[in-house]
Structure formats: structure tokens, C-alpha cells
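For this one, chain A is given, so just place chain B on it according to the hints.
Chain by chain, the residues:
2 protein chains.
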Amino acid sequence: MELIRVIDPHDPRVAAFRDIRERDLVGRQGLFVAEGKVVLNVLLGAPDYELQSVLLLESRVAGLSETLARLPAEIPVHVATAEVMNAIAGFHIHRGILALGRRRGVPTAADLLAALPRRTLALVLVGLSNHDNIGSIFRNAAAFGVDAVFADASCCDPLYRKAIRVSVGGVFRVSFARFDDMGGFVDALAAKGIEPAALSPRGETEIGAFDRPGRLALFLGTEGEGLPETLMARMRTLRIAIAPGFDSLNVAATSAIALHRLADVGR
Amino acid sequence: MELIRVIDPHDPRVAAFRDIRERDLVGRQGLFVAEGKVVLNVLLGAPDYELQSVLLLESRVAGLSETLARLPAEIPVHVATAEVMNAIAGFHIHRGILALGRRRGVPTAADLLAALPRRTLALVLVGLSNHDNIGSIFRNAAAFGVDAVFADASCCDPLYRKAIRVSVGGVFRVSFARFDDMGGFVDALAAKGIEPAALSPRGETEIGAFDRPGRLALFLGTEGEGLPETLMARMRTLRIAIAPGFDSLNVAATSAIALHRLADVGR
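Heads up: the protein sequence lines correspond to chains A and B, in order.
Start counting the first sequence at 1; every next residue gets the next number (full-length UniProt numbering).
Start counting the second sequence at 1; every next residue gets the next number (full-length UniProt numbering).
Heads up, some of the hints might be wrong.
One copy or two, either will do: identical chains are not told apart, so a pair holds if it fits within one copy or between any two.
Here are the simulated EDC-like cross-link-like pairs (lysine to aspartate or glutamate), alpha carbons at most 20 Å apart as the crow flies [claimed, not checked]:
| no. | residue 1 | residue 2 |
| --- | --- | --- |
| 1 | Lys162 | Asp132 |
| 2 | Lys192 | Asp180 |
| 3 | Lys162 | Glu50 |
| 4 | Lys162 | Glu229 |
| 5 | Lys37 | Glu225 |
| 6 | Lys162 | Asp11 |
Keep in mind that the hints were calculated from the coordinates and are not lab data.
So here's chain A without its partners, still in its complex pose:
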């Protein structure tokens, strides 16, 4: 494999890696930047995604030989000093590994619903605008073998750089789709025989007492507002009991507990 040495931060071959933080804010037309060796390895094994280009710190090349050997021959691998790499990215890249990727296609929620297995566990994210939380939830979803994640229009992008990093590549392992119309989506779940259930501090049923249906979609809402009452009125509601007087669980912690209780992994 040929390494392309980059010495000019304005080299057009690494333009996609330039000023990453600013680009994070404006969207990238289906492209994303992933960081780190573990995430790159997950990306390489993800059929729904393609790698387009890699930029490495020169001191990382030797330690990455196994990963680099897995790259398709046509993927350009650029190498730079720390000074040049930081000048390209616009900040200090301490992992020394950046990968430019693309999602091969963007399934609709209907596509994903139709492809779910007979026994299934899905997550539905409502209004989650924090990339740490989205990333953590995808990490948990991947860890517990969730079949699909659905996100409403107000959720932030799981393919945002920080969400990818926090997910440790989980965003590439779990199919996900967005939807606009909540009412229509809940109807579509019903049409597929998938029971919706909401996690909420105000939930009626303690999660340990919930008898999991074979086809289940777990709804998670924002920490501040929580799920809208009108939405919760349409489904069973589950709670995780906590000590009195303390604020609440983080939504990602909630997802970890709920998935550990309800997923088939380890059973």
C-alpha cells in the first residue's frame, strides 16, 4: 500500500479533512469524519458504509499495520506530521487517525421497519439533541444487539463526529433511520405488530416487572422535557426506580439499564 505524504495543509487531496470543527456545524452532504483505530475498524466491517480516504499521523503508521492491511486498495492513505495534521484539521488531533466515510444509502423508517426480524428490539429517540447522549445510546444499542434505531426529526445526527467517537463505532453497527411524522410512525409500528413502550421517570410499570413482548420498540426522550404526554398516552410506560430526591438518570444510562433488562443478549 502506498502512503501519500502530505506536507502542505492546503493540499487539495486532504481538503475533506480541513477545518473539521467548522464543517461539523454545517453538515457534510452524506460524508462524515470518524476518529481513532477502534472506530475505523468498525467502519471497515460495516456493509452500509464506505471508507473514502484516511489521514494518519506518521507516528501511528507502524502501529496500524493490521488495520491498514484491511483497507481496499483504492482508498488513499495520507500521512502527515503532527504539525501538518493539526493545521489541516484546525485543532489538535490526539488520536492521530481520521477517516472520511460515506453512508451508502439512507433507508427510510418504513424500509427499516420492513426489514426487522420476527423477534425484534428497536429504540426510538425523541428530541435528543446532545451528541454525547446519541453516541452513548448507539454504543449501548450495538452492545446489546438492538435491531434498529429510529430518530425523530429533532434528534441530532448520529454521524456527527463526536457522536461517532462516543459510540465507538456503534453508529455503524446498528441500522438507523429518521422519521418526520410521529403519529404516522407510531401507526406504522402498530401495523407491524411492534409494541411501543416509553421509558420515563413517570412510567407506570417498574421495568423489572415488564414482560417483554417479542416485538418491542422502546421510546427514549430528552432529559429535560422527557417524552410528550400525548405520545406517552399511546403506549405502555416504564420507569426505573431511583433514590428519592435526586434529579434523574441520564438518558444514555437509562438506555443501558433498559437494554440490559430487555435485550436477548446473554440470555
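Showing chain B alone in chain A's frame:
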């Protein structure tokens, strides 16, 4: 209550709030800075901590009247415009609420062990150097009523600004102490009849099959290295099964799942 209007960022009365980020890095001699209304409310109700001073964005004063009414009369409350507040802190303070606090005393691990209730659940943190993880673990510990958290010398400070924020004040609700000598600490647990158990992806017993002893200390290690084998050899080891081929759970997610399984809250 008198509000002290600050118009000069170099006003000595707010010196403790100056250049917060840089001070984060050098330690604060027992002082800490907490951010936000929820955290301030937890701090006000925490007997082991004392508030020393508050700095508020002027636009937040009206919405904080209930919290401000709880402040002891001698606590100075400073008010500033956004421009002055950001100039004091050295970065944009989007919550608009900063509180300077102090821990009243620093218990030793032996102090804390001696004070544990008959039936008890403690966490022991080993080598956790990430403030997000420390903060999240304290949030979970507070939510599930953990009696004490013990941290080895290589863990980062739970009273670091970001850890406090992520914990949503959980660091003020759960007693904690540090220890230097791991061997001595494990011996001290045994002397108190507290059974140690380690959480690890390589654990022998699936956590759902673990019969919780009345006095239990759960050990959590770093995500990269995990707990040292020599340490795990001294105790039962528990695992949380995840899907094959995926990296691992985050240590804070692990704490959430383990505490939900093993704490008495909700039982």
C-alpha cells in the same frame, strides 16, 4: 438579599471565578466551581459542603429567586452582564450560574469504611481518568443510593468542574474518599466484612446470576486496560454479557447496569 453588581472583570471580589479553565488544571486547594441551577440546589442541601460565593448572569436572577432565597445570608451573590461574566471566567458561561464551594473536610477511606451502614453498597474506582466517566458514575451512584465511593490515587478528581456538572451534583450527595495503597484497602474491606467484586468483560459470573452479599464493594476499572489481573484474582468477578464482536460497554453504562441490578432502590 443584596446583589453585588460587578462591572470590572478584575474586581477582586470575583477573583476566585477568574480564568476557570486554567485553574481547573492546577487544582484549587479544596475549592471547586459548580455550574448551573440544579447543581447549586444539590450543593445547598449537602451537609459535607459549604457554599462560599455565587456569580450570576443578571438575566438569570429573576428565575433563580427560589434558589437564592435558600442561600445563607452571609454568602455574597455577585451579578454581572454576559460580557463581564465571560471575561471573568475566560469562556462563555452558558448556564449563567457559577458557585464557589468548599468541602468541609476530607475523610480518609478508613473514616468512610467505619461509617458505612450494616447493609451497604460501595463503589471502588480504579484508574478512571476521564471526568465524564467519573461524573456519570457519581450521578448513577446518587440515583441508586450508593453509600460511598472510593477512588484510587490514579482517578481524577470528582470535584473537577466538568465532573460536578456531568454528575448533576451527584458528587455532593455520595460520600467519597481516596486511597493510595490498593492492597491495604482490599484488606480493610475484608476486615469490615465487605465483599469485593470486580466488574469486567472477562468476569466469571454473569451479573444476573450474582447473589448479592449484604456488604458489597463493586470495583470498576478503566475502559482501555480494565482492572489489573492481580487485583481481580483477589475477588469475585462479574461480567455483563454483550453482543459478540463489539468492543465493550462504557464504564459509566456498566455502573448503571450493575447498580440497577444490585442496589436496593426500587426493591
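Taking the hints in turn, this is what the structure says about them:
| no. | hint | verdict |
| --- | --- | --- |
| 1 | Lys162 to Asp132 | both (7 Å within a copy, 14 Å between copies) |
| 2 | Lys192 to Asp180 | within (18 Å within a copy, 57 Å between copies) |
| 3 | Lys162 to Glu50 | within (19 Å within a copy, 36 Å between copies) |
| 4 | Lys162 to Glu229 | neither (31 Å within a copy, 32 Å between copies) |
| 5 | Lys37 to Glu225 | between (36 Å within a copy, 16 Å between copies) |
| 6 | Lys162 to Asp11 | neither (25 Å within a copy, 37 Å between copies) |
When the structure is compared with the earlier hints, violations turn up for hints 4 and 6 and for no others.
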